[in-house]
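Residue strings, one per chain:
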Amino acid sequence: MKKAANFIEKAMNIIFTLCGFLAVAFVILITGFLLTSGMPAIGKIGITDFLFGTEWASTAATPSYGILPFILTSVYGTFGAIIIGVPLGLMCAIFVAKMAKTSIAKTVRTSVDLLSGIPSVVYGLVGMIIIVPLVREAFNLPDGANLFSAIIVLTVMILPSVISVSETAIRAVPKEYEEASLALGATKTETVFKVIVPAAKSGILTSVVLGIGRSIGEAMAVMMVSGNVANMPGLFKSVRFLTTAVASEMSYSSGLQREALFSIALVLFVFILIINLVLNLIVKKDKE
Amino acid sequence: MQDKISTKRKVKSAILNILMYLSSGIICLIFLGLVGYILYRGLPHITPQLLTSKPSLIRETVGILPNILNTIYIILITLVIVLPIGVGAAIYLNEYAENKRKVRIIELATETLSGIPSIIYGLVGMLIFVQFFSLGTSLLAGSLTLVIMTLPTVIRTTQESLKTVPQGYREGSLALGAGKWYMIRTVVLPSAIDGIVTGCILSIGRIVGESAALLFTAGMANEVLGLVDAVKPGNAGSSLTVALYMYAKERGEFEIAFAIAAILLVLTFVINLSAKLTAKMLKKKGAN
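First to last, the sequence lines map onto chains F and E. Using the numbering used here, the first residue of the first sequence is number 1, and each one after it goes up by one. Using the numbering used here, the first residue of the second sequence is number 289, and each one after it goes up by one.
For the record, the hints were derived by calculation from the structure and aren't laboratory data. Be a bit skeptical, because a hint or two may be false.
[As the list claims (entries may be wrong)] DSBU-like, lysine-lysine: derived pairs with alpha carbons at most 35 Å apart:
#1 F:Lys175 - F:Lys287
#2 E:Lys451 - E:Lys568
#3 F:Lys237 - F:Lys106
#4 F:Lys188 - F:Lys284
#5 E:Lys390 - E:Lys451
#6 F:Lys106 - F:Lys175
#7 F:Lys287 - E:Lys537
#8 F:Lys194 - F:Lys44
#9 F:Lys201 - E:Lys468
#10 E:Lys568 - F:Lys194
#11 F:Lys3 - E:Lys296
#12 F:Lys175 - F:Lys44
#13 F:Lys44 - E:Lys296
#14 F:Lys201 - E:Lys342
#15 E:Lys296 - F:Lys101
#16 E:Lys568 - F:Lys101
#17 E:Lys388 - F:Lys106
#18 F:Lys284 - F:Lys175
#19 F:Lys175 - F:Lys101
#20 E:Lys388 - F:Lys188
#21 F:Lys188 - F:Lys106
#22 E:Lys451 - F:Lys285
#23 F:Lys175 - E:Lys298
#24 F:Lys287 - E:Lys520
#25 F:Lys201 - F:Lys106
#26 E:Lys390 - F:Lys101
#27 F:Lys284 - F:Lys194
#28 E:Lys572 - E:Lys451
#29 F:Lys285 - E:Lys568
#30 F:Lys10 - E:Lys388
#31 E:Lys296 - E:Lys388
#32 F:Lys106 - E:Lys390
#33 E:Lys451 - E:Lys468
#34 E:Lys572 - F:Lys101
#35 F:Lys237 - F:Lys44
[Said to hold, decoys possible] Covered, in the sense of this in silico footprint (three residues per stretch, anywhere, with C-beta under 8 Å from a C-beta of chain E), are these stretches of chain F:
#36 168 to 178
#37 197 to 203
[Unchecked claim] A short list of chain F residues far from chain E (calculated; beta carbon distances all over 10 Å):
#38 Met39
#39 Gly53
#40 Val75
Owing to the predicted nature of the structure, the values given are computational and were not obtained by experimental measurement. Every residue gets a Cβ at the ideal spot worked out from N, C-alpha and C, and that includes glycine.
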C-alpha cells in the first residue's frame, strides 16, 4: 500500500516537472524550426542582399529577394501607430485613472477592454470598408489601401494595451506623491502631469513596448488594408509588411521563394525577441 | 488662493484638460462607432439559413454552419490538451519547484511564447504539425498550434489562483498525513478552480479571435464535420475568423463577412464579460 502511494507521488512529481518544462521545450522547438528553415535561403541569397536588397520579385524570371521594403514598412507602420496611439492612449489612461468620475471611468475602461478582445480580422474588415475609401477620397488617391490606412488601423489596435497598461501604472503611484504635490500648491492637473506621470514612466514605457510588439506582429488586419504590394514604403503607397509578406505568398510558394518566406519569419522573430528583451530590461529595472 | 495661480499655469492646465477629454472622447467614439457599424451592417444578414447550412454552389447559397462547428471543435480540442499541461505547469511552478533558476527559466519561456505573433505560430505550426508530424492541413494541426499559443495564459491564471490558496491549507493537509499529490488533488486544486476557469475563458477568447495562426494549419475547407472526423488528421476546416477573411478579401462578399463579424463581436463580449466575472470572484477570494 505504502509502496504504491510512494510510486504515485514520484510519478506525479515527474509529470508536473515535465509539464513545467514543456513551455521551455516549445520555445526551443520554435526557435529550432525557424532557424533550420530560415537560414538556408539567407545563405543562398546572401545576408546583405537579403536584408538590404530593395527589390522583392519572387516570381520574376530572374527573381530577387530583398526584404528591405518589408522591414522598413514594418518599422514605419509601427512607428506611425506609436506616434498617434501613445499620446492618445496615454491621455485617456490619465483621464480614466485620475480625473474621471468613477462611473465614467468604468464606462471607458469597459469599452477599452472590449476593444482589446475584438478579433483582428474584424478590424481589418472595418478598415477595408470604411478607412480605405475614406483615405482614397480625402487625399484624392487612385487606391486607399496604403501605409496610411494601415497605420490608422494599427493605432486603434494598439490603443487598448497602451491604455490598460499605463492606467495600471498610473494607479500604482503612491498616494503620498499626489498629496505632497497638492499640499505644495500645485493644481490637480499639474500634479498629474508633473508628478504622477513621471513616477509611472517605466509602466508607461512598458505599454509602449507592448504596443510596438503588437503592431509589428499584426498580420491579418494590415493585410486587408495595406494594398499588399512589395513597394519601398511611402505614406500613400501600397505596401507589404514583414507579416503580410509571409502570409500572402505562403499558399502558392515553392523552392527558394518558400525558403525565403521562412527567412522573413526568422527576421520577424528576431525583432520580437529584441522587443521582449527590452521589455524584460524595463521590468527588471523597475523592480530594482 | 485661486488668484495666486498665474494665467500661464491656468492656460496650460486647461489645454491639458481639454486634450484629456478629447482623447477619451475620441476613443469612446471609435468604440461606439465600430461596434454600432458592425452590428448595423451584420445583424440583418444573420438568418437561420446562414447559421444552419453550408455553402452550396448549386443553390448559390452561403452558410456558415461548418465554420461555427469548426470553431467549436478547435476550442474543444485545444482546451482538452492545453488545460492539463498548463495546470500541471502551474502546479510545478507553485508547488514543486524549489530551484529559483528553474522557475525563472520557465517564466522566461512563457513570456517569450506570449510575445510571439500569431503569424509565426501559424508558420511554425505548419512546419511542425502539418509537415513534420504529417497531420496535413487539419483542425487537429490548427488546435495543436493554438495549444502552444494559449499555454502561457493558462499557466499564468492558474498560477495566480494557486498563490491565493492559503499556506495553512497545505500544511494542515500534510500534517494529517496526506501525500503531496493527494494534498494537491483534494485541497489545492479545488481551491484554485476559479483561476483555471478564468484561464479557460481567456483562452477561448484568444482562440475565437485567432486567424493568422489557423490560416496555414487548419485550412480553408467549408465542409460539415462530425466530432470524430474533426480530430482525424487531414480533415481541414476554416474557423469563423478565417471564413470572414476569405469572404471579405478573396470573394468580396461583404454581407456574409459583416454577419460573421457581428457574431464574433457578440461572442467576444460574452467571453469578456464572463472573464471579468470569474476574475472578480478570484479577487474576492484573494482579499479574504
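These are the hints, each one checked on the structure:
no. : hint                : in the structure
1   : F:Lys175 - F:Lys287 : 19 Å, holds
2   : E:Lys451 - E:Lys568 : 16 Å, holds
3   : F:Lys237 - F:Lys106 : 40 Å, violated
4   : F:Lys188 - F:Lys284 : 31 Å, holds
5   : E:Lys390 - E:Lys451 : 18 Å, holds
6   : F:Lys106 - F:Lys175 : 20 Å, holds
7   : F:Lys287 - E:Lys537 : 46 Å, violated
8   : F:Lys194 - F:Lys44  : 54 Å, violated
9   : F:Lys201 - E:Lys468 : 43 Å, violated
10  : E:Lys568 - F:Lys194 : 33 Å, holds
11  : F:Lys3 - E:Lys296   : 81 Å, violated
12  : F:Lys175 - F:Lys44  : 60 Å, violated
13  : F:Lys44 - E:Lys296  : 63 Å, violated
14  : F:Lys201 - E:Lys342 : 52 Å, violated
15  : E:Lys296 - F:Lys101 : 27 Å, holds
16  : E:Lys568 - F:Lys101 : 21 Å, holds
17  : E:Lys388 - F:Lys106 : 39 Å, violated
18  : F:Lys284 - F:Lys175 : 23 Å, holds
19  : F:Lys175 - F:Lys101 : 17 Å, holds
20  : E:Lys388 - F:Lys188 : 44 Å, violated
21  : F:Lys188 - F:Lys106 : 21 Å, holds
22  : E:Lys451 - F:Lys285 : 24 Å, holds
23  : F:Lys175 - E:Lys298 : 24 Å, holds
24  : F:Lys287 - E:Lys520 : 48 Å, violated
25  : F:Lys201 - F:Lys106 : 23 Å, holds
26  : E:Lys390 - F:Lys101 : 45 Å, violated
27  : F:Lys284 - F:Lys194 : 24 Å, holds
28  : E:Lys572 - E:Lys451 : 14 Å, holds
29  : F:Lys285 - E:Lys568 : 30 Å, holds
30  : F:Lys10 - E:Lys388  : 21 Å, holds
31  : E:Lys296 - E:Lys388 : 54 Å, violated
32  : F:Lys106 - E:Lys390 : 40 Å, violated
33  : E:Lys451 - E:Lys468 : 16 Å, holds
34  : E:Lys572 - F:Lys101 : 23 Å, holds
35  : F:Lys237 - F:Lys44  : 30 Å, holds
36  : 168 to 178          : violated (count 0)
37  : 197 to 203          : violated (count 0)
38  : Met39               : 13 Å, holds
39  : Gly53               : 21 Å, holds
40  : Val75               : 15 Å, holds
Consistency with the previously given hints fails for numbers 3, 7, 8, 9, 11, 12, 13, 14, 17, 20, 24, 26, 31, 32, 36, 37, ordered from lowest to highest.
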